Amino acid sequence: MRRREFAALVWPSLLVMFGLLMVPLYRTAEWSFKDVDYGESGTFVGLDNYQQALTDERFGRAVLFTVGLTVAVTAVLLVAGYLLAVMVNRLARTRPLVLGILLVSYVVPQVVGASMFSWLFDDNFGGMVNYLINSLTGLEIHWFTDPWPNRVMVGLNVVWHMLPFAMLVILAGLQGVPEEIIEAAKIDGASPLMRHVHVIIPSIRGVLGFVAVIGVMDVLRVFDQLIPLSPQAEQIGNESIMLYIFNTAFRDGGQQLGVGSAINILMIVIILLMLSPFIRDMAKEARKS
Amino acid sequence: MRSSQQRRRMVTALCAAAAVVVVAGCGAGSRTGAETAAKVACDFAKPAQAVDVDVLAYNSSAIDPFTNTMIKSCSKNDVTVKHEPIDFGGQVQKTTATLAGETGTYDVVETYGFVIPKYADKSKLRPLDDYFTKFSAEYGLDKINKGMREAMTYKGKLYAIPMQAQMLVMVYRKDVFDGLGLQPPKTFEDMRQAAKKIQDAGTIKYPIALPLKASADIVTAFDATLGSLGKNLTNPDDHTANLDSPESQKALEQLISLKPYLAPQVTTFDQPAVQQQLYNGGAAMAIMFSGRMNDLVQQSNSKFYDKFAFAAPPVVDGGDVRYNALSVDGWSIPQNTQVDPELLFELIAASVSEDASKAAIPAAYPARDGMVTATSSPYAAAAIESVNAAPPAEPYPWTSEISNQITPVIASVFIGNVSVADGTKQMQEIAKKVLADYR
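Residue numbers (the working numbering), protein chains in the order written: chain A, 1 to 289; chain B, 290 to 728.
Everything labelled a hint here was simulated from the structure, so no lab data went into it.
Keep in mind that the hints are not guaranteed to be accurate.
Think about it this way: if two alpha-carbon atoms lie no more than 20 Å apart in a straight line, the pair counts; the simulated SDA-like pairs of lysine to any residue are [as the list claims (entries may be wrong)]:
| no. | chain 1 | residue 1 | chain 2 | residue 2 |
| --- | --- | --- | --- | --- |
| 1 | B | LYS494 | A | GLY127 |
| 2 | B | LYS411 | A | TYR38 |
| 3 | B | LYS494 | A | GLU140 |
| 4 | A | LYS34 | B | ASP726 |
| 5 | B | LYS383 | A | ASP37 |
| 6 | B | LYS411 | B | PRO684 |
Quantities reported herein were computed from a predicted structural model and do not represent experimental measurements.
One chain only, chain A, in its complex shape (with noise of 0.2 Å):
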């Protein structure tokens, strides 16, 4: 491809991308020191905002929740999504329908899905697995303000909403290993379980390492779910670090927007350490390839 037929290509992706992500990550970090209101340039107060977002106790609990949600979710979205691309893999004729109904969690809006989700757990609203758990135990549990089991529902609806994603990804990377190396593992006597741990799953490593990725990034991230999830989120300690942003810079007009933007940076700071490790790795396998 020529240079100007490159750039031609290009331009627009990098348009984009500067209009819609350098430009606001700028003014989110201009905002970070200053004390602005909305439609006001804001006032510079050095680093106040930074000191009152890691002063506050809230904003710990968010990052230790958040934290916690994201290690939980991503482990169980590598397991349940091998297993489930395993099983989805072993089928013929019905895998276009499996995998067309598998997929339905994970197209339905975030929030629509999460509302539908915490109708299973309110009795207001027939609250179908309460009822279950309540017939078969006599338990009657308050998903809505205990706080671990909010959290267990959060988690639940997280994994219900990604698990088609990881286990599509996974999927295909199943598909690209190679029929040779699992026949020539079968030949020298490996059990099922063995060529999983010892052939399959190294040899989609990257693709393990991929979804590993876009699951801490998206958990982190995680905010809709949690407005019919956990409405009670900031007294039972279960506000992610989004909602925590929310709620400071945008909930019933407030205008913290210095403060909102300070742990917005933080936030990013978080994620890339959170992500480093995969991101070393990943490198590491593009050198090596």
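Please arrange chain B on chain A, whose structure you already have, making use of the hints.
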């Protein structure tokens, strides 16, 4: 060969997923209910060029009649009135955003007495007095209740045309109350006693339903309780707050005293959730804004639709002022609109005209004098009694800011994470900081 098969399968899978989503999306409904709205006179002069008017108003059965009337009656003569469905929380955020810059997205915004001082103080809304005088005769604006107009007035200028008012109303299950020989509660103590009797009779486990959502509604409940105890949030003369006063402590204690009779997850309940509780037969009494009451008596919503009766809310602890919050809704014109404000005023005046207001009953309590009588709706008598015994409004620019910031503290006290004494101290500190900015 294999790749083309895979591609076919992938396409089939995506089509199947898309089909399921399309089927699930069917029946989502039209974007507004303007087709069935009242058609009233909206006689503005045709503008020189075609104009789109964007309206920001949350959807509820009390607001929709006015919005839909405006859309149906005023979309003509090269003017197109547009409205996208939105909930109350969304409206609050979009109002802040659209009023912020030199230009905004909306040309007409739904406002309420609580936020008028904040926006008027920052010159975000246009004063409407001149237009009000000019079009008073044409649209019968002089019949709009004076008190409600005052609720939309800041420093002597009118910033919104009232469309309707909402006040707290008590709804109770007449069959349950009659069965146990109970009368509608007149005080919080009556309410606790009635709830205990209902619980003891094994009729309903959690007899009282209140919207006490920790992130929003709970502050309205606190304000209504404090108001009934005769105290305002702040004293405007000396810019001090009353949030560590004995009344403030008592207000929190009174709310907490209802907990044994409320559903355990009540701090996640907004008004629609309380409605749902009543529809399901999960509560015997509730207190909500009047705009929610008409839904309760619709046969399509609940099998108990003909069992509900209404009363004015109780007082908290004696006196004349009830557990109440009077909210006046209206239409404002943003300072930053690019559309001719006179044209916009005619649109909003038409939507609150006599015919439009009549058509809004019984879903709404229109702002026009004499429009609602005791026989207008099953809850009209209770609403009229309630509106006459509400705590005074606090029309100051800091009220909404303080309310927003103390909400999490009230929730923490109610849940039991923070003691009443510590909570009132924290609230007072918050209010002091906010008030300092206005000195």
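TODO: Against the structure, test the hints numbered earlier, and report the numbers of the ones violated in rising order.
DONE: Going through the list in order, the structure violates no hint and respects every one.
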